[in-house]
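Since the structure of chain A is already known, use the hints to place chain B on it.
2 protein chains.
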Amino acid sequence: MKKPDFERFFNEMSQLLDGEQISRNETVLQNHSHDESYHTPKRPEAVLFPKTTEEVQQIVRSAIRFSIPLIPFGMGTSLEGHVVPQEPSVTIDFSLMNRILEVRERDFFVKVQPGVTRLQLNKELKKYGLFFPVDPGADATLGGMAATNASGTLSVRYGVMRDQVQDLEIVLPDASVIHTGNLAAKSSSGYHLTGLFVGSEGTLGLITELCLKVYGIPEQIIAGRAVFPDVEHAVDAVTDVIRAGIPIARIELLDALSIRQVNRYMNTEFPESATLFFEFHGNEAGLKQDVQFTNEIFIDHHCTKFEFEKDNAGKNKLWEARHNIVFAYGKGFPGKKLMITDVCVPISSLTKAVKHARDLVEQFQLSAGIVGHVGDGNFHVLIMLDRDDPVQLKKAEEVNEQIVNFALTCGGTSTGEHGVGIGKRKYQRQEHGHALTIMERIKELLDPNHLFNPNKVFETDR
Amino acid sequence: MKKPDFERFFNEMSQLLDGEQISRNETVLQNHSHDESYHTPKRPEAVLFPKTTEEVQQIVRSAIRFSIPLIPFGMGTSLEGHVVPQEPSVTIDFSLMNRILEVRERDFFVKVQPGVTRLQLNKELKKYGLFFPVDPGADATLGGMAATNASGTLSVRYGVMRDQVQDLEIVLPDASVIHTGNLAAKSSSGYHLTGLFVGSEGTLGLITELCLKVYGIPEQIIAGRAVFPDVEHAVDAVTDVIRAGIPIARIELLDALSIRQVNRYMNTEFPESATLFFEFHGNEAGLKQDVQFTNEIFIDHHCTKFEFEKDNAGKNKLWEARHNIVFAYGKGFPGKKLMITDVCVPISSLTKAVKHARDLVEQFQLSAGIVGHVGDGNFHVLIMLDRDDPVQLKKAEEVNEQIVNFALTCGGTSTGEHGVGIGKRKYQRQEHGHALTIMERIKELLDPNHLFNPNKVFETDR
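Residue numbers (our numbering), protein chains in the order written: chain A, 1 to 462; chain B, 1 to 462.
Bound-form chain A, shown alone (with noise of 0.2 Å):
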């Protein structure tokens, strides 16, 4: 590969680029030189701030001419170090195309930059009568959750971002630009290439535009907890409900020390056992009776407390309160860093894979909690831990890595919503097989330089 030739680059950047979308500054640098996790930070070169597909095109030709690896940035809240540069690389700020470019709210879909964010895009879609169903924690940007295929709490009804991308505008690894789709509700003509590009990592395109689904705000939304006497009987619970074909919106699980780090940052009063969150969207007639039938099964489960929210203010507080688990982890070990595993397994596999999931925290003395998107067959263990301290950081590691070999073996995966990035490239291999080697053909044979996001999903040798 050619050296990389910065000073060059950024003669050109700075004829194309007014001088507010061109930063070394130090703070800048350092706020793009991390992610939410535990991966060592590194800085970028610069950071580059476009408005336009047509300045990506252009950064991208530049980078081209001289050897520059270019690295994608949304909100930076991403868990496998996906924007961590790992070798002298600039960095594209999508902050500054952030604009909802069209609400087609007959047709229940957007477009848009990809530098909104999912609150932004639900504040101007409620005007509307509709939402977009991906909620992260965090509040990302929509190009950065398509890049890796995010999915949230609600994704046990509406699906993940892969379902709900009908197009993209990708600025491929040689400045031309393509859409991946269009705006019919489906199609067979030609090669599925939306479904490739989300989830991709910024490894095989920029996404500079996305269009994409909608829905309606329900009728009526129930939401509530329910508090089991531990995990075990909590995610029993769960696969019953999914098994009795109940359409649940939200299914979540939060053990006992989550609950009591939710309480301390968010001023709650939950009990502190193994609790499940819950929503229900539909018609009036039909929740009652969807309700009535879950309680029966959560009762057959030992649930203790089965409570409801009565008005909007404890619907958002539930949520808030769900949605910030990171942060509130974050608070409740100051100093410390986040490891956060991310298996996702078969239904009937799930008990037995998050029993064995705590019996290694404990065994490993670690602090570590266990949340999940339950319903899907997808849970977190937050690992907290001290990233100068070597012995704790092995420890972490070896327990993540039991954790993914046994979700492999229930036929599961390594990573259900939060993708590869550096974290999870150790186990692609083993994942996926010879599948693994058509991955990286498709990567060599669309960025045979290796300029986008090099080293991120492969280890990609410079």
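The hints are simulated quantities; they were obtained by calculation from the structure and are not laboratory data. Careful, some of the hints might be misleading.
[What the hints assert, rightly or not] Pairs of lysine to aspartate or glutamate residues, derived as EDC-like cross-links and limited to a Cα-Cα distance of at most 20 Å, are as follows:
1. B:337 with B:401
2. A:310 with A:284
3. B:288 with A:219
4. A:352 with A:398
5. B:352 with A:105
6. A:288 with B:219
7. B:288 with A:284
[What the hints assert, rightly or not] Here are some, though not all, of the chain A residues that point toward chain B, as calculated from beta-carbon distances under 7 Å:
8. 4
9. 151
10. 175
11. 176
12. 182
13. 187
14. 196
For glycine and all other residues, C-beta sits at the position ideal for the given N, C-alpha and C.
Quick look at chain B alone, frame taken from chain A:
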């Protein structure tokens, strides 16, 4: 490209396969020369019937050695010439790989071989209280349905084929085998190869096993018909139902001519006017509310009759009528062949797209009816034509082209569910622009010898 050496290929095949697994019988070749459409038949040189993935791999190895084009074949029910050889080829018929391998009822998925048909699967699933929701008219194989990303009447509620596929076992053009997915409900691990292979029409790989999502049979199903004065009123009613967020499970349009074919073919006595066939899935209380709301919307759009099917026999008859529409037209226009359009448009453009199509059919004086999965914005014009009459064929192709152009202008697609095959190749550049070049490069990457269903999707000159 090397010239195919069929003689030496057949020699190797007779070493590898049992006698009954290789056929050059005239009737068998004839049966594998066509699909259900107007495309000109052409016989393959032979038909092979593998029983295992290993046999498929060995067939591919020999095919590489002797430059033999291979065409995968399910039931031959496709509608764009997908299985019709475009050059001397060998067909691989998957009918001996037709076992249901595993029903994981707690996990809501099944593992099947590619030759299993959708009715065969649903018969087995019924024992578990489960069903598979993708229902193209014909009793197609699941391998074929995945290859074309098929959908059907239930897609408005449950999604298309691509939404159901968890994992595929694929034999690649270099004879290696990959698994594209896993058994978890969601995954952000690596590139989404499953989405890439679904809908690739046998041009990138041969499907030898599928893992598919299945669903619990709903507590209650309500089905019925609503009659409207004309197609436009019916379509407007559908767009309003969708806009109101009513979770309808099926909503199908049949115009007056289509109802007439159904009545003749099925001995039914449905009023011969534009009609919506509909179905709701859910719990008893919720459905009552949905049905009442739908009825009110229909009345606003001058619905003249709103009738329910009271028993299972009536419901089955209703959907059998809809599914048999292609055969009903075949019987109603003896000796004629079917050209069927398949555009899908954003729901807000549906009324004007249907009206545009109907006006064209009248202007060109063709025998043609309109049916459609209108809840998805997908509709079909069924043009009955004499394949040997060049004037009629030219007229039909002109109408087809204008319908596609109109759909593309609305941001729609040339094919919502039938796939490209040979019939929609000519629209691919117009529809995908530069993205088509990326698709061609992926094809070239995986199948450099152009042996896998050549000349389908793209015009790949050998």
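Hint-by-hint comparison with the structure:
1. Between the alpha carbons of residue 337 (chain B) and residue 401 (chain B) the distance comes to roughly 18 Å, so the proposed pair stays at or under 20 Å and holds.
2. Straight-line distance between C-alpha atoms of residue 310 (chain A) and residue 284 (chain A) comes to about 15 Å, which keeps the hinted pair within the 20 Å bound.
3. A C-alpha spacing of about 15 Å is found between residue 288 (chain B) and residue 219 (chain A), which places the hinted pair at or below 20 Å, so the restraint holds.
4. Restraint check for residue 352 (chain A) and residue 398 (chain A): satisfied, since their Cα atoms lie roughly 19 Å apart, inside the 20 Å limit.
5. Taking the CA atoms of residue 352 (chain B) and residue 105 (chain A), the gap is about 18 Å. The hint holds against a cut of 20 Å.
6. Taken as a hint, the residue 288 (chain A) and residue 219 (chain B) pair is honoured in the structure, with Cα atoms around 15 Å apart against an allowance of 20 Å.
7. The suggested pairing of residue 288 (chain B) with residue 284 (chain A) holds, with an alpha-carbon distance near 11 Å, which does not exceed 20 Å.
8. At a threshold of 7 Å, the smallest CB-CB gap from residue 4 (chain A) to chain B is about 26 Å, leaving the interface hint violated.
9. Because the smallest distance between the Cβ of residue 151 (chain A) and any Cβ of chain B comes to about 6 Å, under 7 Å, the interface hint for this residue holds.
10. Against a cut-off of 7 Å between C-beta atoms, the interface hint on residue 175 (chain A) is violated, since the closest Cβ of chain B lies about 12 Å away.
11. Because the closest C-beta pair between residue 176 (chain A) and chain B is about 6 Å apart, less than 7 Å, the hint holds.
12. Restraint check, residue 182 (chain A) versus chain B: the minimum CB separation of about 5 Å is within 7 Å; hint holds.
13. With 7 Å as the threshold, the beta carbon of residue 187 (chain A) comes within range of chain B, its nearest partner Cβ sitting at about 4 Å, so the hint holds.
14. About 5 Å separates the beta-carbon of residue 196 (chain A) from the nearest beta-carbon of chain B, less than 7 Å, and the hint is met.
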